[in-house]
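Student: Protein sequence lines, in the order shown, are assigned to chains C and V.
Take 1 as the starting number for the first sequence in this note's numbering and just add one per residue.
Take 1001 as the starting number for the second sequence in this note's numbering and just add one per residue.
Honestly, the hints are just simulated from the structure, not real lab data.
Everything numeric in this text was worked out from a predicted model, so none of it was measured.
Keep in mind that a hint or two might mislead.
[Said to hold, decoys possible] If you want the footprint, here are the derived chain V segments under chain C, 3+ residues with CB under 8 Å:
hint: 1; region: 1181–1192
hint: 2; region: 1443–1455
hint: 3; region: 1461–1470
hint: 4; region: 1484–1491
Note that the Cβ used here is the ideal one computed from N, Cα and C, for glycine as well.
The lines below spell out each chain.
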Amino acid sequence: MAFSSSITTIPQTLNFTSSNKLSLSSSTTSFHLSFPSFQSNSFKTITTTSPHITRAHAPPSPVTTTAASSFHGLCYVVGDNIDTDQIIPAEHLTLVPSNPDEYQKLGSFALIGLPDSYSVRFVESGETKTKYSIIIGGANFGCGSSREHAPVALGASGAAAVVAESYARIFFRNSVATGEVYPLESETRLCEECRTGDVVTVELEENRLINHTTGKEYQLKPIGDAGPVIEAGGIFAYARKTGMIPTR
Amino acid sequence: MASSLVPSTSFFHTKKDLSLSAFSSPSSQRCHKHASKRITCSVAAPQQTQRQPSSTGSVKTAMTMTEKIMAKASEKGHVTPGDNIWVDVDVLMTHDVCGPGSIGIFKKEFGQDAKVWDREKVVIIPDHYIFTSDERANRNVDILRDFCHEQDIKYFYDIKDLSNFKVNPDYKGVCHIALAQEGHCRPGEVLLGTDSHTCTAGAFGQFATGIGNTDAGFVLGAGKLLLKVPPTLRFVMDGEMPNYLLAKDLILQIIGEISVAGATYKSMEFVGSTVESLNMEERMTLCNMVVEAGGKNGVIPPDSITYKYLEGKTSVPYEPVYSDQQARFLSEYRFDVSKLEPLVAKPHSPDNRALARECKDVKINRVYIGSCTGGKTEDFMAAAKVFLASGKKVKVPTFLVPATQKVWMDVYSLPVPGSGGKTCSQIFEEAGCDTPASPSCGACLGGPKDTYARMNEPQVCVSTTNRNFPGRMGHREGEIYLASPYTAAASALTGYVTDPREFLQ
Ligand code: SF4
């Protein structure tokens, strides 16, 4: 992970849009994150299905109506050390993400490896998309293998961001490189503060997570080193911008 | 995390490098937090953000091994942990699971007609899902083959006839072992692979780490990658290794001590008289599992044992490097190996450490010996040694999956010391084990439903592999005890998790 030593906070102009993500049927692993400046409508549109989410779009807190980039929707809460086998079990790794159908399928299997103690499934059987747009995890999220299928499956399922206490290195790196999910770190153990189904908003500029169900707010860590690369639009765009590889 | 599980940790202590105390902390997440906090702090104190650390004091040039390799590969005189540098890649490895995706990204980004940056530096090894009728799995190997032909890739270890691996002379098996056996692991070089256990090659004093498909797609075209220089944790292991311990016990000890996130973003360097006494395969076991502690890479200083192993395997000149005396380590851990006991990692985490003897009442259903961690020639030799010493038969199904074709041949041809000339395969047969299977990743990561030895039932398995997260070997409710080949063989003989001293002393 981590690409620049000049870590300050997120550039103020950094807005997360997901236009390419949601039209993903045509695209591959979509590392073309676009981060246009000062775009006002930069919600990750979680308008996919559920009525909950529609409701959640009119949240109590006024901050979500600012121009800041934010993600908003229901959260799905997991514990520590959620490894890549739980995110996408190895039997599904034959799916190649650059193939649109297989990308869809990967999304439908997201987090299917969680043990039965998780009584609520992340993606309900028969569905291809999740109704949870934000995953909240504990420490060391995404540990295990280097499979890029892990962030891709989460992104393909329709999740916008993971907010975890910490990440395994390769998962973080893959999330940034592919732009599939936004890997954010929390200051506190949010997995003990939030419950699956809570309505939450993540505000990138403010580094803040608001749980509308409980009415509490939490501080997130700045995205830091990954900023310049994400801002450029992933590793390829970054390399082109800096003259490392020729522009096409 | 798991450290409370082991009663005696008196042989273990941490020496903190005071000059780096801002970074030193018992938990890696904490370390990481500190690292980022340091910078975040500078946001709070803007007057300091512009100042380079080196301008505040004397310039340090001492570097760790990992720093030196990365400095060399980026043509810099000096690098410091935290630097983001473009590193020239000496070898890029990919396999059937991540290769097709990486190739897709390479073509999309560099163009359909693009050529890889160096046809001799790309190594492609089908190994994960080979002996299966799963169509997509088979198709993925076809994608690799087409790409290798199109690009004239020099090192492609193909398999065409799945019915009998032996008629595929090019086919090797598990990538990390094949890389070593085919001479692609060389001291001082940079090896990137689309597999988290690429760190195995650190045993050769190489910087080796796992990357994702997008990064690999980039490397295929550009031959370089932006990497962050990790700080190094040093593990000093001294003392004579008791005859009932293997490198697997050492790394389970370390992971249990520092936790599955204890080395996140960091390099782990293994030194000391015990490490010097280990053969290459045992050193590979040590480095193989650094990723289970979250590590970016592991390294062992190359020595005569390394050079001997490399003899005849590579004609590429290489330049070993070593940590400077004054090099700065984030922290240093010391172990007296002679006091360690055989260990296991209980379900469902590699840091859930316990003494094997503490688990003697855990009834098991099966034993699995295989993978890049525990499926090498020395691993089968070790298991055979236990079976030979006991003279008994196994009480549970015991599955043997040699990592590579070369290991398979060794199992069938090398005499086991003290056996009067018997091979491992003969000893396994006498002990009632399953016949050694075709070399591949096998059930180490579950795989398609028809994978040999996959856990399709919620059973309890003692395994020489590296991960025991839920579902890793197939069934989500399966329980995996990670152990050394000695402990695995001893457990097979009793049907319970068993300390190998019951048979070896
Ligand atoms: S043997 Fe297991 S850990 Fe090793 S490369 Fe294969 S799947 Fe990965």
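Student: All hints, please: hold or fail.
Tutor: Here's how the hints hold up against the structure:
1. 1181–1192: It is violated: at least three residues are needed, and the region 1181–1192 of chain V offers just 0 whose Cβ sits closer than 8 Å to chain C.
2. 1443–1455: holds (count 5)
3. 1461–1470: Coverage by chain C holds here, the residue count being 3 at a Cβ distance below 8 Å.
4. 1484–1491: With 0 residues in contact (Cβ-Cβ under 8 Å with chain C), the coverage given for the region 1484–1491 of chain V is violated.
Consistency note: the structure conflicts with the earlier hints numbered 1, 4.
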